[in-house]
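Construct the entire structure; sequences and hints are all you get.
So the protein lines, in turn, are chains D and P. For the first sequence, position 140 (counting from the first letter as 1) is numbered 139 according to numbering that gives the first Met the number 0, and the numbering increases by one without interruption. For the second sequence, position 272 (counting from the first letter as 1) is numbered 271 according to numbering that gives the first Met the number 0, and the numbering increases by one without interruption.
The hints are simulated quantities; they were obtained by calculation from the structure and are not laboratory data. Any given hint might turn out to be false.
[Stated by the list, open to error] With a cut-off of at most 30 Å between alpha-carbon atoms, the simulated DSBU-like pairs for lysine-lysine come out as follows: (1) D/K50 - P/K369; (2) D/K55 - P/K406; (3) P/K136 - P/K369.
[What the hints assert, rightly or not] Calculated from the model, a selection of chain P residues having no Cβ within reach of chain D, i.e. all distances over 10 Å: (4) M159; (5) V164; (6) E243; (7) L295; (8) A352.
Where a beta carbon is used, it is the ideal one built from N, C-alpha and C, also for glycine.
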Amino acid sequence: MTDTGKVQDEIIEEFSILGDDKESTIYYIMELGDQLPAFPEEERKEENIIKGCQSKVWLTTEFKDEKVIYLADSNTDITKGLISLLIRVLSGRTPQEIIDADLYFIDKIGMGSIIGSQRSNGLASMIKQMKLFALAYRSKINA
Amino acid sequence: MALDVNSIREQFPVLHQEVNGKPLVYFDNAATTQKPQTVIDALNQYYARDNSNIHRGAHTLASRATGYFEKTRTMVREFINAREPEEVIFTKGTTEGINLIANTYGRKFISKGDEIIISAMEHHSNIVPWQMLCEEKEATLKIIPVNPQGEIILEEFDKMLSPRVKIISLVHVSNALGTVNPVEYVIEKAHQEGAKVVLDGAQSSSHLTIDVQKLDCDFFVFSAHKLYGPTGMGVMYGKRELLEAMPPYMGGGEMIKEVTFEKTTYNDIPFKFEAGTPNIADVIAFQEALKFINGLGKRNVIAHENRLLARAEEELGNIKGFVPVGEAAEKVSILSFLIKDMHPFDVGFMLDAAGIAVRTGHHCAQPLMKRFGIEGTVRASFAVYNTEEEIVSLYRSLSKIAKIKNK
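Here is the structure:
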């Protein structure tokens with residue numbers, strides 16, 4: 000598997016093709032949301048909702064072969080698109096890789112100005128929750 | 000008379016800008032309207048030339064500022080056709096107006112076992128103050144239900160009336176749906192039972208001609224900022240005999256006649272309700288907003304807005320997946336809708352990318368959204384400076400957006 004940097008560079012490349020047009024960028028993000036794997040219905044419960052997001056976001060994980068697999072969903076398509084980007088970078092990696100990941104692609108593609116400050120806060124909450132899962136798994140391995 | 004919308008637009012500097020590389024289309028007027036240059040200038044001029052505290056100073060600036068401030072009261076009296084300027088109380092806005100009434104008239108005249116009626120289409124600011132009052136006084140809050148078209152069900156209202164009902168507080172025009180409520184009927188019925196009627200005029204003040212004497216409502220509250228005026232300023236109208244019977248809202252300067260440590264006697268209306276230094280600059284600048292509307296003629300403004308609404312309903316109705324929310328027979332220029340299989344946030348977000356500003360969400364009317372079994376809507380609301388070309392822009396962008404899920 001390529002390191003998180005390579006995946007991020009791919010994303011930066013894809014977004015650079017879209018240029019400065021906000022409309023096409025947003026359509027693209029929404030399309031990415033469509034590719035998100037189906038979220039297990041039994042996990043669509045209150046305790047899996049991430050706090051601090053304007054839209055509803057459900058996040059849960061599986062731990063397979065020492066790797067964290069993220070499963071997530073949202074009630075809005077924009078948010079689903081954002082989640083799918085995070086999953087593309089972070090899912091299927093070891094807890095340590097996730098903890099160490101510097102998510103520079105977010106600034107590089109100008110996500111802040113695309114999604115605005117409220118959604119940026121939501122995005123930060125998602126990242127925080129994803130890293131917390133990784134921390135929990137790492138302490139489990141080391142226990 | 001048809002309005003010259005281009006020359007109206009010239010007076011609003013904020014409209015002449017690009018958002019996300021597209022010309023701004025501002026369709027969030029039910030949240031707040033933009034301000035004409037005259038209002039902006041009046042704010043500047045007050046601070047640059049006239050600033051001083053009102054009603055007490057012996058100097059020229061103070062008397063000039065007081066004169067301007069009181070001029071607004073006279074103009075508001077005319078605007079809503081109150082009997083006298085003393086019945087016009089300045090507030091921070093609609094929300095403060097309702098809280099003021101609940102905390103003064105309500106606390107004095109509501110007691111255990113009494114009933115207060117609101118409707119299922121109220122803004123939270125016309126729900127929560129009454130809930131708080133009912134809790135304190137062990138009174139009961141009753142809710143007039145709403146039909147699928149988004150109209151209050153009058154037969155149900157009739158059944159609720161009894162001598163126990165003391166206050167009916169009703170939104171004149173729904174901010175979420177645009178429905179115009181049959182307030183004349185409600186007021187007449189209420190008065191037969193001896194109940195007082197509060198009208199939330201936050202939306203109606205800009206979209207309807209208001210005559211509080213003809214309506215015979217007991218209170219009427221609204222905000223300046225939805226009427227091309229500044230934020231942080233509003234009006235509570237009340238009938239003189241009610242205002243005189245009510246205790247003051249806040250204690251402080253301005254609202255007193257005489258203060259000793261044993262006892263304070265209160266000032267006359269309107270000052271009894273205007274403790275502290277008021278929002279002088281915004282009150283004065285509001286005159287310019289009223290002049291703007293009067294200059295165009297309210298009737299012409301309403302006709303223009305209704306034309307925009309009709310055009311929008313016609314155009315957007317052709318979009319596959321377009322679902323209007325609220326189809327009352329009587330409506331103002333507020334259009335709430337959903338796009339099938341899409342979240343309102345996503346629709347609003349994509350419209351913003353196209354330079355079109357709309358509101359998405361529950362519009363501070365969660366019980367109403369629950370009534371329709373939805374989380375929220377997309378709301379486009381039109382004002383006097385909007386054009387039919389802008390409606391066409393909305394149609395074009397929305398068609399494109401709707402196609403994502405409605406092929």
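Quiz item: Can the restraint linking P/K136 and P/K369 be considered satisfied, given a maximum Cα separation of 30 Å?
Solution: With a Cα-Cα distance of about 27 Å, the restraint between P/K136 and P/K369 holds, given a limit of 30 Å.
Practice problem: Decide if the proposed pair is consistent with the structure: D/K55 and P/K406, CA atoms, cutoff 30 Å inclusive. | Solution: Holds - the C-alpha atoms of P/K406 and D/K55 are around 26 Å apart, at most 30 Å.
Exercise. Below or equal to 30 Å on CA atoms is what counts here, so check D/K50 against P/K369.
Key: Given pair D/K50, P/K369 holds - Cα atoms ~22 Å apart, limit 30 Å.
Quiz item: With d taken as the least Cβ-Cβ distance between P/V164 and chain D, does d exceed 10 Å?
Solution: holds (39 Å)
Quiz item: Taking C-beta pairs only, is P/E243 more than 10 Å away from all of chain D?
Solution: holds (46 Å)
Quiz item: Regarding the assertion that P/M159 does not contact chain D, is the least Cβ-Cβ distance greater than 10 Å?
Solution: holds (36 Å)
Practice problem: May I ask you to check that P/A352 keeps its beta-carbon over 10 Å from the closest beta-carbon of chain D? | Solution: violated (4 Å)
Quiz item: Is the nearest Cβ of chain D still more than 10 Å from the Cβ of P/L295?
Solution: Correct as stated: the minimum Cβ-Cβ distance to chain D is 34 Å, above 10 Å.
The earlier numbered hint that this structure contradicts is number 8, and it is the only one.
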